[in-house]
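S.K.: If you read the sequences in order, they're chains A and B. Position 178 of the first sequence, counting from 1, maps to 176 under this note's numbering, and the rest follow consecutively. In this note's numbering, each number is its position in the second sequence, counted from 1, plus 18.
It is possible that some hints are incorrect.
[Stated by the list, open to error] With a straight-line cut-off of 30 Å between C-alpha atoms, the simulated DSS-like cross-links for lysine-lysine are: (1) Lys151(B) / Lys229(A); (2) Lys33(B) / Lys279(A); (3) Lys142(B) / Lys314(A); (4) Lys51(B) / Lys158(A); (5) Lys104(B) / Lys158(A); (6) Lys175(B) / Lys314(A); (7) Lys171(B) / Lys159(A); (8) Lys314(A) / Lys151(B); (9) Lys167(B) / Lys106(B); (10) Lys183(B) / Lys314(A); (11) Lys175(B) / Lys158(A); (12) Lys28(B) / Lys293(A); (13) Lys158(A) / Lys174(B); (14) Lys288(A) / Lys33(B); (15) Lys174(B) / Lys132(A); (16) Lys174(B) / Lys293(A); (17) Lys293(A) / Lys151(B); (18) Lys140(A) / Lys188(B); (19) Lys140(A) / Lys183(B); (20) Lys132(A) / Lys151(B); (21) Lys158(A) / Lys183(B); (22) Lys106(B) / Lys142(B); (23) Lys293(A) / Lys104(B); (24) Lys140(A) / Lys167(B); (25) Lys378(A) / Lys140(A); (26) Lys51(B) / Lys188(B); (27) Lys293(A) / Lys142(B); (28) Lys188(B) / Lys288(A); (29) Lys51(B) / Lys19(A); (30) Lys25(A) / Lys51(B); (31) Lys175(B) / Lys159(A); (32) Lys28(B) / Lys104(B); (33) Lys288(A) / Lys175(B).
[Said to hold, decoys possible] Computed far set for chain B versus chain A, every beta-carbon distance over 12 Å: (34) Ser105; (35) Leu157; (36) Lys174.
[As the list claims (entries may be wrong)] Derived list of chain A stretches under chain B, where covered just means 3 residues or more per stretch with a C-beta under 8 Å from a C-beta of chain B: (37) 220 to 231; (38) 295 to 308; (39) 592 to 599.
Calculated from the structure, these hints are not laboratory results. A virtual CB, placed ideally from N, CA and C, is assigned to each residue, including glycine.
Residue strings, one per chain:
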Amino acid sequence: MVNGYAGKFLEIDLTNKKIEKITFSDKILQDYIGGRGLGVKILWDRLGNMWETIDPLGPENILLMLTGPFTGYFLGARICVTGKSPQGNGIIGSTVAGEFGVELKCAGYDGIIFTGKAEKPSYVFICGDNIEIKDASHIWGKTSRESLRYLIQNSINDIKKIHPNYGEFKEPSVLYIGPAGENKSRVAAVEAKYAHAAGYGGYGGVMGSKNLKAVVVKGFGPLPDVIDQNKMLELSQEFSDNCFRIEFFRRWGTGSGGYTFGADSSSEPVKNWQEEWHNEKSYRGEEFDKLWVKKYWGDYGCPVTCLKLGVLRDGKYAGAICDNPDYELEAFLGTNLGIFSPEQNIYLSYIIEELGFCGIQGGAILGFTGELFQRGILSKEDLGGINLEWGNVDAFAELARKIAFREGIGDILAEGIYRAALKLEEMKKTEVLKYAIHLKGMAIGAHGLKSGKDMVTRTSIGYSVSVQAGDHTSSASLPIDGDGSELYSILSDSGVYCNFTTFTLAFDQIASFYQAVTGWELPTERWFSEKGLRILQLQRTVSLLGGPDAEWRSKQDDTLPSRFWEPLPSGPYKGKSIDKNTFEKLKSEYYTAVGWNDEGVPTSEILQKLDLKDVELKLKKEGLL
Amino acid sequence: MEDDNKLWIKRIYEKCSGCRRCEIACSLHHEGKIWPEASRVRVFMFVPGVEIPHLCFQCNDYPCVETCPEEALSVDDHTGAVITDKSKCTACGICINACPGRVPHLHPQDDYIVICDLCGGEPKCTVSCQEGKWDTLILLESQDVETEKVSAKTPKKLAYETARKILGEKTTEEVYEW
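Looking at chain B on its own, in the form it has when it is part of the complex:
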């Protein structure tokens, strides 16, 4: 698969309103319910005002897929998204630790890992974000400079970096440690 064909959800963390309508759209699509923890995009808020929509970064080398001992994870040829085969996943959690952003997480009710599948090519989260003109999650249909693996970070690290941008260095040290 050519990287150029990858879909990519660009995120501008400083702009996230914290409305979490992306979570609602995602969980309705995947679970048929409003379910914040089951959403494949989750908005973390360790510091109020610093909201971090967190979802798969689609690393160039897909360490989660590489390390899965059950071959339960694969890469979708068309979108570049990581696809979980629920029947093979044993919820061992190896992929969580392999992921530089600690993106995969257990389904809150059943024993398998959930990862953003880009809704098969038509992500619902970006639609809900654009609808409100918040411009935090933006669907790109070509490779972006940020698709480099370097953008893959944990919610805590992203919260820290974003807090420094929004609140300034001194205040961030005061309100947040990670």
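For reference, chain A alone in the conformation it holds in the complex:
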């Protein structure tokens, strides 16, 4: 019995309807932890030697939903969704908060591995040892709210049959997709609850490609035993007390950022990143606060509860339910579309969720299309009659619907900004790619770099050398063992824990918690020079291998979108830009620090040191090394 883990994983072959329970050795769990790290290991072992041939939206891709040893014990529970990404063609560890991971562990499983493709729309129901692949035809095509309502109510009836005399039990947890995912959009999210999503990576589309509408799980057991519960609880209390002290974050969540990242730090995307500054007082946190019906909303075990429940109870958009919205959605479904009304922002965030998009990736495609409309590259006719002017929330909502159902132009846009731009360039015989603000196929989080004042991404190379490209929750910086290192993100996504409850914690404190749960030591040195670094090299390798429709090379792709090299056009930091020489120098230093050659490829030396000889062989075979 391994402490902190349920000790088994479910492997579900959707093609052959075969369900197995599998285990991983202690050594693998010690080296790869869980979540993102373990996901990378599983994907590499099974798909690595033919990585470039695997279609992320084909039945050969593997979809993973993995907890980690922190899940359920640490403050704020999350689960990691991963697989080969249809956006970046590498691996993105995409995590989402909620009770799903806790229920899964209480049901006796650390994670689920999905292979193949169901022959018809299906969902998987898990209640302890009762596991069923069930028909989802009647909710296929339904929006998120309706799907979730059906799945919860129906599953409660199914659980009642298993536990007829139990009395009332808590509802099961659900991960699900909306229409965008069903229609294999590359910008679709895996959703949870309301307003919760594993967005980055495009795994909603992967679920859709497998005909998998949802996974429903109910557990009646306890969380697995830990090795030193007293120590764990003592640390929990200490870490919670830290969180309670960060009053600002509890009060506002990220919901005051919609104004401050624009007005104060000039790092918020406005109209598809044409500007990064605005001073729209209508968009201040105080204005959002008026629409919050619950000022503390959170997930399992969370002391911060940074979410707020935003609900429109009356007016034109009555019925919309959303979180704050959090900052990313305030930006991508607000300022980046020229929308500066909290009410409209909540409404659009709700629509995006109903349709099953990632707020960031889905929002980015709306902004990109908005700019093409502004520049006359796409006409009202091209857009099926939509007058896509900045700030026209109804127009953006209608476009989102077209994308989710792949109607007209929506069929192209559902492929995400990078692929849509390539296609539109061909169609329109004009330059389009420069308006796709992407890195390696992914839209970039709403944290601009030019002002140098953004508090999330502190260095100009943050996105460029990250193994998760534009993911603002996994940006890179030096020193490699410093506060902003991507190896911290790899640990949190592998743990799997929330990085909003760990702001003030040092590595040692997190490692102590891990040890209290698992009994295994995690010395700082071993994480930063071995275990974390090994996961990083694997993720870098699959990103370089890419395929079948895109691959990324350091020379051209470890860069920034062309717009990011232009000076800021407005605001207090007007004229500020990123110095290319400094950028190249930093990039080169980063390559050296993580053991990559001048081409950005992991060297034989580092791969051998990390016991990754098969990776070295593969890179050599493909002519990359």
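Position chain B relative to chain A; hints supplied.
M.R.: Just chain B now, kept in the frame of chain A:
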């Protein structure tokens, strides 16, 4: 026993953050483990955003105690909490149906009923809730207007009523039926 001396956990459902730290505290106290279904206070969430911490309402007439055929349930003189005698309980479930809120439930592993015992007078759930300043579960040391039996409702009914307060009537009809 005088009702005036009853401890009472007041609940303000609209404020519940859904953090479920009350469940964690409760199950650690009673089971020595984190165990959501074994917790004596359980947060139901039929509609996300409408979280209902559900625990014993301590009805004035204690129908669960009255109907128990095994005399396995009794009322604690000091706190007013319902106490389960595990050795007598046969897990017949009669108390579940007698309870207007359907609060009692089987222990998820063993054959006996679990009901909030107010931790013997020092409830852990209210401490964890107050610590985070969520103010959803509040320990009162005297009778409250809500201690009338009328407050005892099932999780589904409470979810419906609370959803109407939080989301409005129209949206509630759309997202929830009970």
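S.K.: A separate judgement is required for each hint: does it hold in the structure or not?
M.R.: Tested hints:
With a C-alpha separation of about 25 Å, the suggested pair Lys151(B) and Lys229(A) falls inside the 30 Å cut-off, and the hint holds. Restraint check: the Cα-Cα separation between Lys33(B) and Lys279(A) comes to about 28 Å, which is no more than 30 Å; the hinted pair holds. For the hint linking Lys142(B) to Lys314(A), the alpha-carbon distance of about 44 Å lies beyond 30 Å, and the restraint is violated. Using a Cα cut-off of 30 Å, the hinted pair Lys51(B) and Lys158(A) holds, with the two alpha carbons roughly 25 Å apart.
Only pairs whose Cα atoms come within 30 Å are accepted, and Lys104(B) paired with Lys158(A) is accepted, the gap being roughly 24 Å. Between the alpha carbons of Lys175(B) and Lys314(A) the distance comes to roughly 29 Å, so the proposed pair stays at or under 30 Å and holds. Distance hint between Lys171(B) and Lys159(A) is fulfilled; the C-alpha atoms sit about 23 Å from each other, no more than 30 Å. Distance restraint check for Lys314(A) and Lys151(B): the Cα-Cα separation of roughly 34 Å exceeds the 30 Å cut-off, and the hinted pair is therefore not satisfied.
Distance restraint check for Lys167(B) and Lys106(B): the Cα-Cα separation of roughly 26 Å lies within the 30 Å cut-off, and the hinted pair is therefore satisfied. Pair hint Lys183(B) plus Lys314(A) holds up; C-alpha atoms about 19 Å apart against a cutoff of 30 Å. Restraint check for Lys175(B) and Lys158(A): satisfied, since their Cα atoms lie roughly 18 Å apart, inside the 30 Å limit. Restraint check for Lys28(B) and Lys293(A): the C-alpha separation of about 20 Å stays at or below 30 Å, so the hint holds.
Among the hinted pairs, Lys158(A) with Lys174(B) is consistent with the structure: their alpha-carbon atoms are about 15 Å apart, no more than 30 Å. Only pairs whose Cα atoms come within 30 Å are accepted, and Lys288(A) paired with Lys33(B) is accepted, the gap being roughly 16 Å. Using a Cα cut-off of 30 Å, the hinted pair Lys174(B) and Lys132(A) holds, with the two alpha carbons roughly 25 Å apart. Restraint check: the Cα-Cα separation between Lys174(B) and Lys293(A) comes to about 23 Å, which is no more than 30 Å; the hinted pair holds.
Of the supplied pair hints, the one linking Lys293(A) and Lys151(B) holds, its CA atoms being roughly 11 Å apart against a limit of 30 Å. The hinted pair formed by Lys140(A) and Lys188(B) meets the criterion: a straight-line CA distance of about 19 Å does not exceed 30 Å. Among the hinted pairs, Lys140(A) with Lys183(B) is consistent with the structure: their alpha-carbon atoms are about 26 Å apart, no more than 30 Å. Taking the CA atoms of Lys132(A) and Lys151(B), the gap is near 42 Å; set against the 30 Å cutoff, the hint is violated.
With a CA separation close to 29 Å, the supplied pair Lys158(A) and Lys183(B) stays within the 30 Å bound. Between the alpha carbons of Lys106(B) and Lys142(B) the distance comes to roughly 26 Å, so the proposed pair stays at or under 30 Å and holds. For the hint pairing Lys293(A) with Lys104(B), the CA-to-CA distance comes to about 41 Å; that exceeds 30 Å, so the pair is violated. At roughly 41 Å between alpha-carbon atoms, Lys140(A) and Lys167(B) are farther apart than 30 Å, so this suggested pair is violated.
A hinted pair counts as satisfied when its Cα atoms are at most 30 Å apart, and Lys378(A) with Lys140(A) qualifies at roughly 28 Å. In summary, the hint linking Lys51(B) to Lys188(B) is not supported, as the alpha carbons are separated by about 41 Å, beyond the 30 Å threshold. Between Lys293(A) and Lys142(B) the CA atoms are separated by roughly 23 Å; this keeps the pair inside 30 Å, and the hint holds. At roughly 20 Å between alpha-carbon atoms, Lys188(B) and Lys288(A) fall within 30 Å of each other, so this suggested pair holds.
For the given pair, Lys51(B) sits about 25 Å from Lys19(A) by alpha-carbon distance, which is consistent with the 30 Å threshold. Straight-line distance between C-alpha atoms of Lys25(A) and Lys51(B) comes to about 26 Å, which keeps the hinted pair within the 30 Å bound. Distance hint between Lys175(B) and Lys159(A) is fulfilled; the C-alpha atoms sit about 22 Å from each other, no more than 30 Å. For the given pair, Lys28(B) sits about 27 Å from Lys104(B) by alpha-carbon distance, which is consistent with the 30 Å threshold.
Straight-line distance between C-alpha atoms of Lys288(A) and Lys175(B) comes to about 28 Å, which keeps the hinted pair within the 30 Å bound. Under the 12 Å C-beta cut-off, the non-interface status given to Ser105(B) relative to chain A holds; the minimum distance is some 20 Å. With a least beta-carbon separation of about 19 Å from chain A, Leu157(B) lies farther than 12 Å from that chain, consistent with its non-interface assignment. Under the 12 Å C-beta cut-off, the non-interface status given to Lys174(B) relative to chain A is violated; the minimum distance is some 8 Å.
Beta-carbon proximity to chain B at under 8 Å applies to 5 residues in the segment 220 to 231 of chain A; the threshold of 3 is reached and the given coverage holds. Coverage of a stretch by a chain is defined here by at least three residues with a beta carbon nearer than 8 Å to that chain's beta carbons; for the segment 295 to 308 of chain A and chain B the count is 9, and the condition holds. Counting residues of the segment 592 to 599 of chain A whose C-beta lies closer than 8 Å to any C-beta of chain B gives 0; at least three are required, and the coverage claim is violated.
Going down the numbered hints, you'll see the structure goes against 3, 8, 20, 23, 24, 26, 36, 39, while the others check out.
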